[in-house]
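Asker: Each chain is listed here by its residues.
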Amino acid sequence: MLNYIIRRLLWMIPTLFGITLLVFVSIRLAPGDPATVMMGVGSGGEMSEGSDFASRIAAFKRENGLDRNVFVQYLGFIGPFNIKPDGHELFGGSGKDPWSGLLALDLGTELQRSNVPILEELGRRLKVTLLLSFISILITYALSIPLGIFSATRQGTVLDGAVTVVLFLLFSIPTFWAGLMLILAFGQSGLGWLPVLGLESKDAANLSGLEALWDRGLHLIMPVMVYTYGSFAYLSRQMRVGMMDVIRQDYIRTARAKGLSERVVIFKHALRNSLIPVVTLFASVLPILIGGSVVVEYVFDIPGMGRYAYEGLVQRDYNIIMATTTFSAFATLIGILLSDITYALVDPRISYE
Amino acid sequence: MNTPAAGTPLIEVSGLKKYFPVKRGVLARHVADVKAVDGVSFVIQPQETLSLVGESGCGKTTCGRTLLRLLEPTAGSVRYSPEKGPALDLFSLPRAEMRRVRRDLQIIFQDPYSSLNPRMTVGNIVGEALLVHKICTKHDVADTVADLLVRVGLHADSRNRFPHEFSGGQRQRVGIARALALGPRLVVCDEAVSALDVSIQAQVLNLLKDLQEEFKLGYLFIAHDLSVVRYLSDRIAVMYLGRIVEIGTTAEIFENPQHPYTQALLSAVPHADPGAKSCRVPLSGDVPSPMNPPAGCHFAPRCPVSEARCTQSYPEHRSASETHRVACHLFD
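Line by line, the protein sequences give chains A and B. The numbering used here applies: residue 152 is where the first sequence begins, and numbers increase by one. The numbering used here applies: residue 591 is where the second sequence begins, and numbers increase by one.
Do not take every clue at face value.
[Stated by the list, open to error] For lysine to aspartate or glutamate, the following EDC-like pairs were computed, each having C-alpha atoms within a straight-line distance of at most 20 angstroms:
1. 799(B) x 787(B)
2. 247(A) x 237(A)
3. 419(A) x 452(A)
4. 247(A) x 272(A)
5. 724(B) x 237(A)
6. 613(B) x 401(A)
If you're looking for bench data, these hints aren't it; they were derived computationally from the structure. All figures in this text were calculated on a predicted structure; none of them were measured in a lab.
Could you put together the complete structure from these sequences and hints?
Answerer: Below, the structure written as structure tokens:
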């Protein structure tokens, strides 16, 4: 098993190279670049006269190494050599700051705010997103497993039908719409029960511990609801199907023939087997868990990972885009590996020896 | 082969019916019934083997499962006489009571691959019921399981392994050990050897026979392979489209079959001697749908000797001998 994991981890290296190279090249091929976005070209042309402007763009590009060949830039992204003017001598730099890039665990700074190191900002954003997604995943599982069992054991009844209809409705509602509707209903413009923006009130710093917790909780309710309902609908259906598959099996009939009570048959024999697909789904949820939701974070103005990726795209900030995509690619690969490992853990028929 | 002892039968099935509703449309209207088992009656004496034979889809398996209440019956009754105490009507027992009675009434399933929970060790599969029915304590369950496994020809160490580590024949032995664990008095063998290849079949059949003597078991042996049935049975019941068309001792059925369907079935058994002249009774057509069985004798449309009266009413059972009954108009 350990050998298998090590082998899989090693295989992740070329995959990660491929993904990052693809993203790296394609964002540079896309129209617009960070320099022009920053200087406001296209927004009215107020600065677009004269050589002053052109030279400022050139200076910005030189400073950030954006004037180099794209593959040299990629080398700079991977590291460990810094290719910027003050970087490693091998790339014609001054040698003041020779190391940077992925291998040096330095993803650079944001292009617009050059005093913000991306890794630190990533950490701040990740904390926000993880809080949101962990609560949401917990609620999702806590609700959908019992509901799945409930409807599977009442297959074909009116109750099961009603649950099915409601779940399909939930599954089909777009998140941005649900978010806006919730805001309309419970925000200032509606009932005024819940705060609408951010994760805490403006005066949160002055609140005592318990009050701050209450404040945080109130802010979380709507984002968590929007974050949860879709995956809840999906997972309960998965659980129902898994359970129904298992209930049909001969070994369930065997369990009944043994004279076990219905409770033992369902919760010991059936549930354990039907959890296999649902538990392994958890691993594939990992990238979403970490990546956050662009829509939810945007609608509720939450400074998480999803919004960071979105901001990076809007600003054409190559460094942010590379950081967020590399990070979520890594999370996806780890998620797939974890899901394969959990298969082996929960199902004795699967072994990777 | 044991001669069936006269006296209180182990189990007495009368008028057993199991219909599966057919539902159509958005509102799932009940449009018809599949009459899988349609009024079946028989008795099994203690330590007797009664075989239920017939084509695929004739209701053999449904009959076995319904009589153990693994399927809820539509009508009929099953009287079981326990070792001590008065006879019980299985279909009117409360669920909790029924679970207790399951100790005495066990089943071996056809498919040794899907009938064992893939996530439990063999030890847990065999031992679980021992704990549930409080036959063993947690301390001695391992020993009891090991004894059972050895008894069915498996290694005692097998109890720590999972079902997928065994071959089909070995798994079926696990299934048998599981069924025997509770010390049952009746075992329904639902095509218990059909999924095994012939050499393994013979081993398992001999095992079943030995165990019958050792544990004084009654068998309801559901099968379609007539040579297997002949080897094992005391009596045989032939089913066609949810009903028993002929029932008698093994000798009576094989030497002196009265129903045209039984005759056709027997004539289809291949002979060991290739030179022997075969006189097959060919059957034309397919088994009619059990949703919409033909009027009169269900077998009439395919019967080589049917007459006008055969399509008018279903024949009652007539006695050919004290132990031999047949449902055919032509028998007098």
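Asker: Does residue 787(B) sit within 20 angstroms of residue 799(B), going by the straight-line distance between their CA atoms?
Answerer: Distance of about 18 angstroms is within 20 angstroms: holds.
Asker: Is the hinted pair residue 724(B) and residue 237(A) satisfied, with a Cα-Cα distance of at most 20 angstroms?
Answerer: violated, 79 angstroms
Asker: Hey, residue 247(A) versus residue 237(A), does the alpha-carbon distance stay inside 20 angstroms?
Answerer: holds, 5 angstroms
Asker: Under the criterion that the straight-line Cα-Cα distance not exceed 20 angstroms, is the pair residue 419(A), residue 452(A) satisfied?
Answerer: Not satisfied, since the Cα-Cα distance of roughly 44 angstroms exceeds 20 angstroms.
Asker: Within 20 angstroms, alpha carbon to alpha carbon, are residue 247(A) and residue 272(A)?
Answerer: violated, 24 angstroms
Asker: Regarding the pair residue 613(B) and residue 401(A), is the alpha-carbon distance no greater than 20 angstroms?
Answerer: Not OK: residue 613(B) and residue 401(A) at ~24 angstroms, beyond 20 angstroms, violated.
Checked against the numbered hints listed earlier, the structure breaks hints 3, 4, 5 and 6; every other hint is satisfied.
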